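Visitor: First to last, the sequence lines map onto chains A and B.
Each residue of the first sequence is one higher than the one before, starting from 1 at the first, in the numbering used here.
Each residue of the second sequence is one higher than the one before, starting from 1 at the first, in the numbering used here.
None of these hints come from the bench; they were simulated from the model.
Since this is a predicted model, take the numbers as computed values, not measurements.
All residues carry an ideal CB built from backbone N, CA and C; glycine is no exception.
A portion of the hints provided could be inaccurate.
Stated by the list, open to error - In silico negatives: residues of chain A with every beta carbon more than 10 Å from chain B:
1. Pro17
2. Thr69
3. Glu88
4. Gln93
5. Gln94
6. Glu106
7. Gly150
8. Val244
9. Val247
Said to hold, decoys possible - Beyond 12 Å from chain A on every Cβ pair, some chain B residues (computed):
10. Leu58
11. Thr75
12. Lys92
13. Pro93
14. Val133
Stated by the list, open to error - Partial list, computed: chain A residues near chain B (C-beta under 10 Å):
15. Arg20
16. Leu41
17. Phe48
18. Ala51
19. Ile57
20. Ala58
21. Arg85
22. Arg87
23. Leu90
24. Ala131
25. Arg140
26. Glu176
Here is what each chain is made of, one letter per residue.
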Amino acid sequence: MNSLSASRDRPQRGVAPELRFLGYALLALGLMYLDQRGGVLDRVRYGFEAAAYPLRIALQSPAAAWRWTQGIFEDRAVLQDENRRLREALRAQQLLSMRRESLERENAELRGLRVKLPSVAERWLPAQVIAHDSDGQRQRIVVDRGARNGVFKGQAVVAGDGIIGQSLRVGPWSTEVILLSDPEHGIPVQVARNGLRTLAIGAGAADALTLPYLPMQSDIKVGDRLVSSGLGGVFPAGYPVAEVVEVRRDGNSPLAQVRARARAGIDRDRIVGFVWFDPSHPAKPVDPAAAEGGDPKAMPISTAAASGASTAPTVAPIVAPIVAPTVAPTVAPTTAPAARTAP
Amino acid sequence: MNRVRLTLTLIVAFLLQVAPLPAGLALFRPPFLVLAVAWWSPVMPRLGGIGAGFLAGLALDVVRGAVLGQHALATALVAFIAVRQHLLVRHKPALEQSLFMLALLMLWQGVVWLIDLWTGQSGDGWRAWVPVVVGAVLWPVAAHVMDRFAPPSR
Numbered sequence: 001m002n003s004l005s006a007s008r009d010r011p012q013r014g015v016a017p018e019l020r021f022l023g024y025a026l027l028a029l030g031l032m033y034l035d036q037r038g039g040v041l042d043r044v045r046y047g048f049e050a051a052a053y054p055l056r057i058a059l060q061s062p063a064a065a066w067r068w069t070q071g072i073f074e075d076r077a078v079l080q081d082e083n084r085r086l087r088e089a090l091r092a093q094q095l096l097s098m099r100r101e102s103l104e105r106e107n108a109e110l111r112g113l114r115v116k117l118p119s120v121a122e123r124w125l126p127a128q129v130i131a132h133d134s135d136g137q138r139q140r141i142v143v144d145r146g147a148r149n150g151v152f153k154g155q156a157v158v159a160g161d162g163i164i165g166q167s168l169r170v171g172p173w174s175t176e177v178i179l180l181s182d183p184e185h186g187i188p189v190q191v192a193r194n195g196l197r198t199l200a201i202g203a204g205a206a207d208a209l210t211l212p213y214l215p216m217q218s219d220i221k222v223g224d225r226l227v228s229s230g231l232g233g234v235f236p237a238g239y240p241v242a243e244v245v246e247v248r249r250d251g252n253s254p255l256a257q258v259r260a261r262a263r264a265g266i267d268r269d270r271i272v273g274f275v276w277f278d279p280s281h282p283a284k285p286v287d288p289a290a291a292e293g294g295d296p297k298a299m300p301i302s303t304a305a306a307s308g309a310s311t312a313p314t315v316a317p318i319v320a321p322i323v324a325p326t327v328a329p330t331v332a333p334t335t336a337p338a339a340r341t342a343p
Numbered sequence: 001m002n003r004v005r006l007t008l009t010l011i012v013a014f015l016l017q018v019a020p021l022p023a024g025l026a027l028f029r030p031p032f033l034v035l036a037v038a039w040w041s042p043v044m045p046r047l048g049g050i051g052a053g054f055l056a057g058l059a060l061d062v063v064r065g066a067v068l069g070q071h072a073l074a075t076a077l078v079a080f081i082a083v084r085q086h087l088l089v090r091h092k093p094a095l096e097q098s099l100f101m102l103a104l105l106m107l108w109q110g111v112v113w114l115i116d117l118w119t120g121q122s123g124d125g126w127r128a129w130v131p132v133v134v135g136a137v138l139w140p141v142a143a144h145v146m147d148r149f150a151p152p153s154r
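The shape of chain A in the complex, shown without the other chains:
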């Protein structure tokens, strides 16, 4: 090897660029292969995440500084106003929670239990959003809690008014959260009004979800509230997810086109929470292994997801990285038309 000085740095010396490119290309392909296989590069990824943490903080700092400055000059009137609103919200919440205890007891009696169940959420870890990745269709956020705080991959993340997503890549001090609206995310949901179950897939825009697997005649209408169904092993049952904003039924397709809007939006300075669930609670996330071969009524009017996963390869990859391995087995034989499942 020649000693290289900056001014005589010409490609003619040393290894030919073709060879060097070949070397790097093979390295890149090898990395991709290993990364796709999963497992092998997890430690490497973890290290990279750690290295990227200061960078994320740096990138976030201008916005944080701006908010801080804004906070300093915040008007007394604004603060008083906010204070008043919070008081009102608190009063409303108190009124709601007064009845909670008796409702829970009633519920327990209806379920045939002697004792009142504790809340399914066992523990809650608040986290601050430090980055918002919404280039193109990707809908992800990075928050400032990671493996050091006990966060694990595939953990449910909630905000004040509902589920917002799940943890995807966990670094030591930060976690990438994939939002419900990411096209690669699917969440098993249930219409609160009638128990109709299906999958809600991200639509790639802020707070936007689609329900691509509902047959045309299914009982769903604008304004229906969607809650998590507890299948899929990540989210517990009964948490608010979204509200239906559009239902279209045209003669050309055997499926209804349903769009929904996520309940919990993401603001830049929002606090979100990682949730740990009580594994003995009936509303806990259903583990797919346990659910397999379980209650065939689990999905009465089901989704084309089962047929999608088995027959139409175009559907599977969309959900695959996140939920398909967990969802597919839980979906009962479908009543949906198997044809034309591709959205």
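Given the coordinates of chain A, assemble chain B onto it according to the supplied hints.
Guide: This is chain B only, laid out in the frame that chain A set:
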């Protein structure tokens, strides 16, 4: 100190590339990092060529949460072509340079897109191609700024 300048520009370009922007603006963000790699590669093919492109792309992979190696491969390819093309292109009129950059950036985005396809990721669709055009259009300006900041040592 071209080495310092190289590192500095790559870092700045990287920050510009990944800095959070409102979605409307982010759509039109030129691929700063690729432009920087394409500028430096003919100038310093050894220090700033394929290896620098690879590392820059790898950093992008990590921060974007892409498959490791995806942007690394694409950026190394851009650097390789820029090294081969050497100083031929930089003496052409601005329009020709822009067209060359358009081809180069399309190649870059094409590789990224193909790997998305291969790994089953849903890419950004047509949105991903807007920065390609913006980058090609802005190339003469960017190259001029870079010429001022770090004159090729010749």
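Visitor: So, against the hints stated earlier in the document, which numbers end up violated here?
Guide: 1, 10, 11, 19, 21, 22, 23
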